[in-house]
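**Q** Here the protein sequences line up with chains W and V, keeping their order.
First residue of the first sequence? That's 0 in numbering that gives the first Met the number 0, and the numbers climb one at a time after it.
First residue of the second sequence? That's 0 in numbering that gives the first Met the number 0, and the numbers climb one at a time after it.
You may find that some hints are simply not true.
In silico lysine to any residue, SDA-like type, Cα no more than 20 Å apart, as pairs [stated by the list, open to error]:
| hint | chain 1 | residue 1 | chain 2 | residue 2 |
| --- | --- | --- | --- | --- |
| 1 | V | 8 | V | 75 |
| 2 | V | 105 | W | 303 |
| 3 | V | 116 | W | 414 |
| 4 | V | 99 | W | 55 |
| 5 | V | 105 | W | 109 |
| 6 | V | 99 | W | 296 |
| 7 | V | 146 | W | 413 |
| 8 | W | 96 | W | 80 |
| 9 | W | 218 | V | 8 |
| 10 | V | 247 | W | 302 |
| 11 | V | 105 | W | 298 |
| 12 | V | 105 | W | 413 |
Facing chain W, a subset of chain V residues (Cβ under 7 Å, in silico) [claimed, not checked]:
| hint | residue |
| --- | --- |
| 13 | 84 |
| 14 | 87 |
| 15 | 90 |
| 16 | 101 |
| 17 | 114 |
| 18 | 118 |
| 19 | 168 |
| 20 | 169 |
| 21 | 172 |
In case anyone wonders, no lab produced these hints; they're calculated from the structure.
Since this is a predicted model, take the numbers as computed values, not measurements.
Backbone N, C-alpha and C fix where the C-beta goes; we use that ideal spot for every residue, glycine too.
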Amino acid sequence: MNPMKPKTFGSNQEMQDAEKNFLYRRHQRARLAQSVFQLTTLLAVIFLATLLVTVVNKSMGYVVVENKVNPATLSDRPLSELNNTELAQILRENLRKNRVRTLERTGFLEDQSQSTLVQLVEAEIIQPEVVESYNLFPSLINRSKIKADAAVSYPNAKVEFRYWLNGVFLINSMASQPELAGVRSALLGSLQLILITILTAFPIGVGAAIYLEEYASHKSRINRLIQTNIDNLAGVPSIVYGILGLALFVRALQPFTSGALFGVDGQNGRTILSAGLTMALLILPILIINAQEAIRSVPDSLRQASYGLGATRWQTIWHHVLPGAMPGILTGTILAISRAIGETAPLIVVGASTFITSDPTGPFSSFTALPIQIYNWTTRPQPAFQHIAAAAILVLLIALLSLNAVAILLRNRFAKRV
Amino acid sequence: MEDMNQPSKYVIETRGLNIFYGDFQAVKDISLQFERNRITAIIGPSGCGKSTVLRAFNRMNDFVPSAHATGEVLYHDQNINHPSVDAVQLRRLIGMVFQKPNPFPKSIYDNIAWGAKMNGFRGNTDDLVEETLRQAALWNEVKDNLKKSALALSGGQQQRLCIARALAVRPEIILMDEPCSALDPIATLKIEDLMRELSQNYTIIIVTHNMQQAARASDYTSFFTMDTDRAGIMVEYNETSLIFTKPKDQRTEDYITGRFG
Ligand SMILES: Nc1ncnc2c1ncn2[C@@H]1O[C@H](COP(=O)(O)OP(=O)(O)OP(=O)(O)O)[C@@H](O)[C@H]1O
Ligand SMILES: [Mg+2]
Numbered sequence: 000m001n002p003m004k005p006k007t008f009g010s011n012q013e014m015q016d017a018e019k020n021f022l023y024r025r026h027q028r029a030r031l032a033q034s035v036f037q038l039t040t041l042l043a044v045i046f047l048a049t050l051l052v053t054v055v056n057k058s059m060g061y062v063v064v065e066n067k068v069n070p071a072t073l074s075d076r077p078l079s080e081l082n083n084t085e086l087a088q089i090l091r092e093n094l095r096k097n098r099v100r101t102l103e104r105t106g107f108l109e110d111q112s113q114s115t116l117v118q119l120v121e122a123e124i125i126q127p128e129v130v131e132s133y134n135l136f137p138s139l140i141n142r143s144k145i146k147a148d149a150a151v152s153y154p155n156a157k158v159e160f161r162y163w164l165n166g167v168f169l170i171n172s173m174a175s176q177p178e179l180a181g182v183r184s185a186l187l188g189s190l191q192l193i194l195i196t197i198l199t200a201f202p203i204g205v206g207a208a209i210y211l212e213e214y215a216s217h218k219s220r221i222n223r224l225i226q227t228n229i230d231n232l233a234g235v236p237s238i239v240y241g242i243l244g245l246a247l248f249v250r251a252l253q254p255f256t257s258g259a260l261f262g263v264d265g266q267n268g269r270t271i272l273s274a275g276l277t278m279a280l281l282i283l284p285i286l287i288i289n290a291q292e293a294i295r296s297v298p299d300s301l302r303q304a305s306y307g308l309g310a311t312r313w314q315t316i317w318h319h320v321l322p323g324a325m326p327g328i329l330t331g332t333i334l335a336i337s338r339a340i341g342e343t344a345p346l347i348v349v350g351a352s353t354f355i356t357s358d359p360t361g362p363f364s365s366f367t368a369l370p371i372q373i374y375n376w377t378t379r380p381q382p383a384f385q386h387i388a389a390a391a392i393l394v395l396l397i398a399l400l401s402l403n404a405v406a407i408l409l410r411n412r413f414a415k416r417v
Numbered sequence: 000m001e002d003m004n005q006p007s008k009y010v011i012e013t014r015g016l017n018i019f020y021g022d023f024q025a026v027k028d029i030s031l032q033f034e035r036n037r038i039t040a041i042i043g044p045s046g047c048g049k050s051t052v053l054r055a056f057n058r059m060n061d062f063v064p065s066a067h068a069t070g071e072v073l074y075h076d077q078n079i080n081h082p083s084v085d086a087v088q089l090r091r092l093i094g095m096v097f098q099k100p101n102p103f104p105k106s107i108y109d110n111i112a113w114g115a116k117m118n119g120f121r122g123n124t125d126d127l128v129e130e131t132l133r134q135a136a137l138w139n140e141v142k143d144n145l146k147k148s149a150l151a152l153s154g155g156q157q158q159r160l161c162i163a164r165a166l167a168v169r170p171e172i173i174l175m176d177e178p179c180s181a182l183d184p185i186a187t188l189k190i191e192d193l194m195r196e197l198s199q200n201y202t203i204i205i206v207t208h209n210m211q212q213a214a215r216a217s218d219y220t221s222f223f224t225m226d227t228d229r230a231g232i233m234v235e236y237n238e239t240s241l242i243f244t245k246p247k248d249q250r251t252e253d254y255i256t257g258r259f260g
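Construct the entire structure; sequences and hints are all you get.
**A** Right under this line is the structure:
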């Protein structure tokens, strides 16, 4: 239909003209509204794309690597093809006695796995150093110039294309050299943290929402006060939750959070458990508000039908209200997970370590998390740290998307049950 | 005069029932008796409080926070608003079909089986589903597709499903709030036949806007209207044949002959 010349019905010419004008203006306004919404969506997409492009741009590109010791001088075959004895041999020959003794404190070099030995040889002897690094776009555009420059400035160095997000990056833990640093302990820390957060916050949040919506009288003053509090808590800055967690979980409940109560030899309360509980507090208001909204959206006629058949309140909630509200509750959970996995400030306050090389061993171990690691790396001066920070951001985003995918799958299952 | 020691022949009786929504009085001083195994129709203009009174019989008004009632509703001579009465049991014994069809977002089969299971039904569920669907005149339309979502049924089919669902918990009384408002004349007649059949074992109270339906299907009819302050009052209550042929009150006559308002 041509919106410029709407065809109108009726025989009165004057009325038709007036109506035509009126219609025209209404259609005009409708088109304006539509373009505004399209524009805002477009803006959002642009922002998101810019973010991704920036991160990806940094996460790969050419590097100029200079080895302290040329691997060819160590062996005539590639390191990965050597067996344990040969690798141990190389280590003994090239390292000082003291160093070898330190490395052997937990067992003979020969007894370590082959991949560990290769890593040791690289870290201790070859010591590859990235002397120059480029982002993705410059690498693609100025390829030949980069190679020429490198040949002049670093005649012994090798130019290679590096994906900073690679297998080694995922397997290695924190290290002082960016070439050897990885996200393993941070990723494991983040995942365990989120697990504790969700396991605590989800039941409490849904329970509170059920109570507030299905049991509490909306007329009671106390309940209204609680409701107002929850609504406001959702807006409290995260650092405040960090301070609360520090006082409550790290200090006051130290016997519990350090594991001392369970016979674990915990030194202090700065554990994954404390951090997870702090995060649970942080996301609780978001979870409750979303769950309440979801529960409220279950039509009252459904509850009436259930009660009318002689169902109890609990039967009604369990069989009708919760299944109906579950998609909405899970959407809220997705938002909450996204918030929790990216929070940094409260973790710093409750004492996440910034330099930790061992994997977290359970709820009572000290830990680091992805956002902490990213923050730490972005503050380093060496350019290579910026690249691994970008790689870690990608890991964080992928972890977030996978967690959310699980929630979305669950949600679709609930939505389809009808 | 009735002997006070004999259980009354009335299953449900209201005495001076007033129901308020907040400050607004929805119905005023309703006194009605419903006989066992009879069909009683409640008719009256929209907004005069028919649904409100009906919901008072199985305490569904408990879920409206602003609603409160004074006066008595007696079920087997016991005031159902007494604190010792278990509303959950009451609602199983006094089933309800709502004004708007409200099937559960489950399969047709589960819609019927669920309420029975909740109330401890131990028999053969398949038989129960078939029996109640037949009673509700829905069986032939859905028998091949019992696993289909109840939400995919038409409005009238949904309402009949709700009737079947209410029957499945074996109530004593069935409250029906305009059960046929979404049905075609044939299905309506089927429901009326069903009501006749059910009235051998059940007591039925039905709210309807359809004069012919009240005249055809009910034994007793009660006419409600609105007072000057918009509160619902009961004008006349009598055997259906008398209400429709010799109404005592002018307002009743005006209403049933279509001269209302
Ligand atoms: N939940 C409620 N809260 C407040 N007022 C209500 C509520 N439900 C009903 N009312 C009021 O009570 C009065 C009676 O309502 P009711 O639903 O009982 O009428 P009705 O006779 O069933 O009408 P209809 O024939 O249209 O279904 C109306 O004035 C209505 O506005
Ligand atoms: Mg009504």
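**Q** Run every hint past the structure and note whether it holds.
**A** Here is what the structure says about each hint:
1. V:8 to V:75: holds (9 Å)
2. V:105 to W:303: holds (16 Å)
3. V:116 to W:414: violated (24 Å)
4. V:99 to W:55: violated (55 Å)
5. V:105 to W:109: Between residue 105 of chain V and residue 109 of chain W the Cα gap is close to 64 Å, so the pair fails against 20 Å, i.e. violated.
6. V:99 to W:296: holds (18 Å)
7. V:146 to W:413: Between residue 146 of chain V and residue 413 of chain W the Cα gap is close to 17 Å, so the pair holds against 20 Å.
8. W:96 to W:80: Violated - the C-alpha atoms of residue 80 of chain W and residue 96 of chain W are around 25 Å apart, more than 20 Å.
9. W:218 to V:8: violated (41 Å)
10. V:247 to W:302: violated (41 Å)
11. V:105 to W:298: Measuring from Cα to Cα gives roughly 14 Å; hence the hint holds.
12. V:105 to W:413: holds (12 Å)
13. 84: violated (13 Å)
14. 87: holds (5 Å)
15. 90: Holds: closest Cβ of chain W sits about 5 Å from residue 90 of chain V, inside 7 Å.
16. 101: For residue 101 of chain V, the interface hint holds, since the closest Cβ of chain W sits about 4 Å away, which is under 7 Å.
17. 114: Result: holds, 4 Å to nearest chain W Cβ.
18. 118: Hint holds; residue 118 of chain V Cβ to chain W Cβ min 5 Å, cut 7 Å.
19. 168: holds (5 Å)
20. 169: violated (10 Å)
21. 172: It is violated, given that the least Cβ distance between residue 172 of chain V and chain W is near 12 Å, above 7 Å.
Violated hints, listed in ascending order, are 3, 4, 5, 8, 9, 10, 13, 20 and 21; each of the other numbered hints is respected by the structure.
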